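Protein chains: 2
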Amino acid sequence: MSEFNNVTVVREANVYFGGKVTSRTVIFEDGKKKTLGFMLAGEYSFDTGAAEIMEMIGGAMDVKLPGSDDWKTFKAGESFEVPADSKFDLVVKEYADYCCAYLEDGLPAC
Amino acid sequence: MSEFNNVTVVREANVYFGGKVTSRTVIFEDGKKKTLGFMLAGEYSFDTGAAEIMEMIGGAMDVKLPGSDDWKTFKAGESFEVPADSKFDLVVKEYADYCCAYLEDGLPAC
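Top to bottom, those sequences are chains A and B. Taking my numbering, the leading residue of the first sequence gets 1, the next gets one more, and so forth. Taking my numbering, the leading residue of the second sequence gets 1001, the next gets one more, and so forth.
Source of the hints: derived by calculation from the structure; they are not laboratory data. Nothing false has been slipped in among the hints.
Think about it this way: if two alpha-carbon atoms lie no more than 30 Å apart in a straight line, the pair counts; the simulated DSSO-like pairs of lysine-lysine are:
id: 1; chain 1: B; residue 1: Lys1032; chain 2: A; residue 2: Lys33
id: 2; chain 1: A; residue 1: Lys20; chain 2: B; residue 2: Lys1075
id: 3; chain 1: A; residue 1: Lys32; chain 2: A; residue 2: Lys75
id: 4; chain 1: A; residue 1: Lys33; chain 2: A; residue 2: Lys64
id: 5; chain 1: B; residue 1: Lys1033; chain 2: B; residue 2: Lys1072
id: 6; chain 1: A; residue 1: Lys32; chain 2: B; residue 2: Lys1032
id: 7; chain 1: B; residue 1: Lys1020; chain 2: A; residue 2: Lys93
id: 8; chain 1: A; residue 1: Lys33; chain 2: A; residue 2: Lys93
id: 9; chain 1: B; residue 1: Lys1033; chain 2: B; residue 2: Lys1020
id: 10; chain 1: A; residue 1: Lys75; chain 2: B; residue 2: Lys1033
id: 11; chain 1: B; residue 1: Lys1020; chain 2: A; residue 2: Lys33
id: 12; chain 1: B; residue 1: Lys1033; chain 2: B; residue 2: Lys1075
id: 13; chain 1: B; residue 1: Lys1020; chain 2: A; residue 2: Lys75
id: 14; chain 1: A; residue 1: Lys20; chain 2: B; residue 2: Lys1087
id: 15; chain 1: A; residue 1: Lys72; chain 2: A; residue 2: Lys20
id: 16; chain 1: B; residue 1: Lys1020; chain 2: A; residue 2: Lys87
id: 17; chain 1: B; residue 1: Lys1075; chain 2: A; residue 2: Lys33
id: 18; chain 1: A; residue 1: Lys32; chain 2: B; residue 2: Lys1033
id: 19; chain 1: A; residue 1: Lys20; chain 2: A; residue 2: Lys93
id: 20; chain 1: B; residue 1: Lys1075; chain 2: B; residue 2: Lys1064
id: 21; chain 1: B; residue 1: Lys1064; chain 2: A; residue 2: Lys20
id: 22; chain 1: A; residue 1: Lys20; chain 2: B; residue 2: Lys1072
id: 23; chain 1: B; residue 1: Lys1020; chain 2: A; residue 2: Lys20
id: 24; chain 1: A; residue 1: Lys20; chain 2: B; residue 2: Lys1093
id: 25; chain 1: B; residue 1: Lys1033; chain 2: A; residue 2: Lys20
id: 26; chain 1: A; residue 1: Lys33; chain 2: B; residue 2: Lys1033
Computed from a predicted model, the values in this text were never measured in an experiment.
Could you put the whole structure together from the sequences, leaning on the hints where they help?
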């Protein structure tokens, strides 16, 4: 079990795809935001505003990242990055418990 | 939009009914716990340990409280109490976004 300490949590859920994807927004002391989300089985497409780091907490998702034709599976403890202003496709076979960090300043340079 | 400030959030989701009901645990400075949860459409039964106050944040649920034969609808902004060590039935027609407060010392006396 891991925790975020000294944070603010927005009470209202963020709801997507008719509730098959939901998340709660967590705001850190430095103003940075993450969402803790849960996806039921399904196929989803997401558009990013800011760049994102998606970290799998539980379950798994198959992901096709922008500019790629390949699908890759990410499981608990694994993560992937998505550039700003892009689109990525997901397939969740059972469920996915995830944490999404928003990088307002963009992804770190390689 | 309302917030919980200066709290700890457990990252891992609590998952019930195959993911149709999920929640995140929020721990307050005084050690008290609440969960922020989301229910998709369905019929559910829950057993309580501690007494609970269920507050609707969004959506609605029909509830049959312990010892009652009547169903009552609760919508955003409304709440109901459930005694410790009891069982209650819920029907969610669309979705329910809720906050559940656990009262380790039992419900306040009437």
